[in-house]
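Peer 1: What follows is the residue order along each chain.
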Amino acid sequence: MATSPIPALGKDLVGLEFLSQEQILTILDTAEPFKEISERRIKKVPVLRGKTIVNLFLEASTRTRVSFEFAEKRLSADTVNISVAGSSVIKGETLLDTARNLEAMRIDMVVMRHGSSGAAQFLADRIPSNVINAGDGRHEHPTQGLLDLLTMRDHYDRIKGLKVCIVGDILHSRVARSNIYGLFKLGAAVGVCAPRTLLPSGISDLGVNVFRRIEEAIEWADVLNVLRLQFERMKDGYVPSLREYNRIWGVTTQRLDSAPQDLLILHPGPMNRGVEIDSDVADGPHSVILNQVTNGVAVRMAVLYLLAGGQPDSAEAAKAEAEV
Amino acid sequence: MSAKTLLKGGHVVDPSQGLDEILDVLLADGIVASIGKGISAPENAEVIDCSSLIVSPGLIDVHVHLREPGEEHKETIATGAQAAVAGGFTAICAMPNTDPPIDNPAAVGFVVAEGRKVQAARVYPVGCISVQRAGESLAPIGEMVDAGAVAITDDGNPVMNSGLMRLALEYAQAFEIPVVDHPEDLGLSGGRHMNESVISTRLGLAGKPNAAEEVHIARDLLLAELTDGQIHLQHVSTQFGVELIRQAKARGVRVTAEASPHHLVLTEAAVEGYNTDAKMNPPLRTADDMAAVRAGLADGSLDVIATDHAPHHYDEKEAAFEDAPNGLVGLETAVGIIMTNIVGEGVIDVVTMIDRMSCGPARAFGLSGGTLSEGAAADVTVIDPRLQWTVDPSAFQSRSRNTPFAGRELTGAPHRTIVGGRTVWAR
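As they're listed, the protein sequences go chains A and B.
Just so you know, my numbering puts 226 at position 226 of the first sequence, and the rest follows in order with no gaps.
Just so you know, my numbering puts 1045 at position 45 of the second sequence, and the rest follows in order with no gaps.
Everything labelled a hint here was simulated from the structure, so no lab data went into it.
A portion of the hints provided could be inaccurate.
[To be verified] Simulated DEER-style distance windows between Cβ atoms:
| hint | chain 1 | residue 1 | chain 2 | residue 2 | range |
| --- | --- | --- | --- | --- | --- |
| 1 | A | 38 | B | 1394 | 52 to 58 Å |
| 2 | A | 231 | B | 1161 | 28 to 34 Å |
| 3 | A | 161 | B | 1394 | 31 to 37 Å |
| 4 | A | 70 | B | 1344 | 58 to 64 Å |
| 5 | B | 1388 | A | 317 | 28 to 34 Å |
| 6 | A | 125 | B | 1142 | 50 to 56 Å |
| 7 | A | 274 | B | 1345 | 28 to 34 Å |
| 8 | B | 1162 | A | 243 | 33 to 39 Å |
| 9 | B | 1100 | A | 212 | 46 to 52 Å |
These numbers were taken from a predicted model, which means no experiment stands behind them.
Glycine included, each C-beta is placed from N, C-alpha and C at the ideal position.
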């Protein structure tokens, strides 16, 4: 029976906090068939042919921007990239004016990275195009959260019941928040481990276990999601030195070897080898850091497809159509 | 216009004289000529029927940002003084954080002169504590007082240097003016955007802890005690901040303090959804803090209700939360909010409300006003306690519209505002 399709995600993807478990699973399941496209010799399907997408990156990004751009191109969308350096933002244009001008050129979607928390919601509330949050301040980075979930699920075939500890600069991390919301929605237990200076107020009220020392976190967890320690944090006095950070909080082979269980190691990149993570861990057998990057493209294809009105159960067919 | 006005049969509430009864008030030649029962109207007097209305000494707001000079797109002395009388205020104190700041006698004189031109609320300038509000050296306080300044403050900024604060508290004593502080330790709050709590964590906004405010409240109280200076603390928003002031008053420290309407009726939950109209400094706090501010207002630990009227242009608030400025316009909603949510919910009675909005402010800043005693300036606010209305920012006299109260249904509103015997605004 033909019923009018209900949008699986609504208009925008601003964060994982207000998505349902079902919506998150829909995205992950939709990503599965899209993984294979990137393995083909001709990596392109016509799912978003004729759609115009603006990648509005008002804060520096390489990995996320490139990942979105590959996802868009592999779905045959037309894309335009705007970054701070080349934009009218540095001439003093407001975010809203930038967006309205883009709208006036009849675009379909905006993928935005912005330094201010809430910027994605701000934009989503004010323009009719689909808005995808590619990271807003220290608020959320939903596609990173989703690709982390997909990577964990690939390895364990489940999320429910997993013990996942996020390690490092939770205070400034949008990745941490999206991980926390997504993991809870799918039934995982979540821990955080960081110097107290890098933990936000009231974090335990979100239901996470707080570990004061990395050894305790390693003993507890099935998965460590290791966050980047930005060098500016040391300058601002949150930690005394990078050397001390590595000595006290670093994820090292020695520490992992003392754990009774094998831990899966994730890192959203870019890594500071020898600071929050040692090279032999990053390159070791339990690291899925590059799988995350590969999954990032598939997850973003799924999000683009669903927001454009694609139905989850047609993803396989939409993909197959391309092979003709 | 008649030089004589008889306010007939109103419910006169004047805590300065202990009045809380139906009386007539005769205003003549700019002063209160007589007050009593059954005053007959002199020849040529305008008679105003005030039955079922409250007649009080003119309301005074000691914390108003008029933005002129420098940011006239947000507010001017004229539009701010008009907004004041539309909100029932007969006098306002203009904060000096303009561009350039009011840190010299000529600038003070400019505010006085512009205020007089408007013929609305009385505009009392407040001068800077420090040159350029830079927190380094004292501004010419004596000359500014001679030019009309009624107090000094670096508001917008705290005085971060405790040594300078001590000097201000000592130096100001010669002029019998209060040193007015915006208590905030920027080391704990700088670059932060809302109350620190699980809500700030969820929204990804850097939070300001209560301690950022309390550290400076405690410091200011200690310095006032050390110097026997007169300190006035602005917009107290935290539970322990109220308690510190309560304890200091019990010790005899010369301190007065403000509660802002928004801290009396809103909590940090108003920020949800990144509502920039709920972005202010100090930030909206928790329900416990709000309850403590209410209790402090009721028991007199907080002497004054002051709006911290802070106009901003709409497109400055139309931005991502972190990029939006702090503040809300408050002059035209204060009476309705206090009548509805503070008097209406039984936190204080009308007598206390008039004390905190008229007598208390006059005492704290040493202003004439705050009384309807015979011979006092005829500054009178007439309030309709039963008028039901809905906050409509598009109807504001203020040049700005930034309020989290838009659409709020209120009971009680200013009815008529009289300054120097002359009706300057009437509904």
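Peer 1: Hints the structure violates: just list their numbers, smallest first.
Peer 2: 3, 5 and 7
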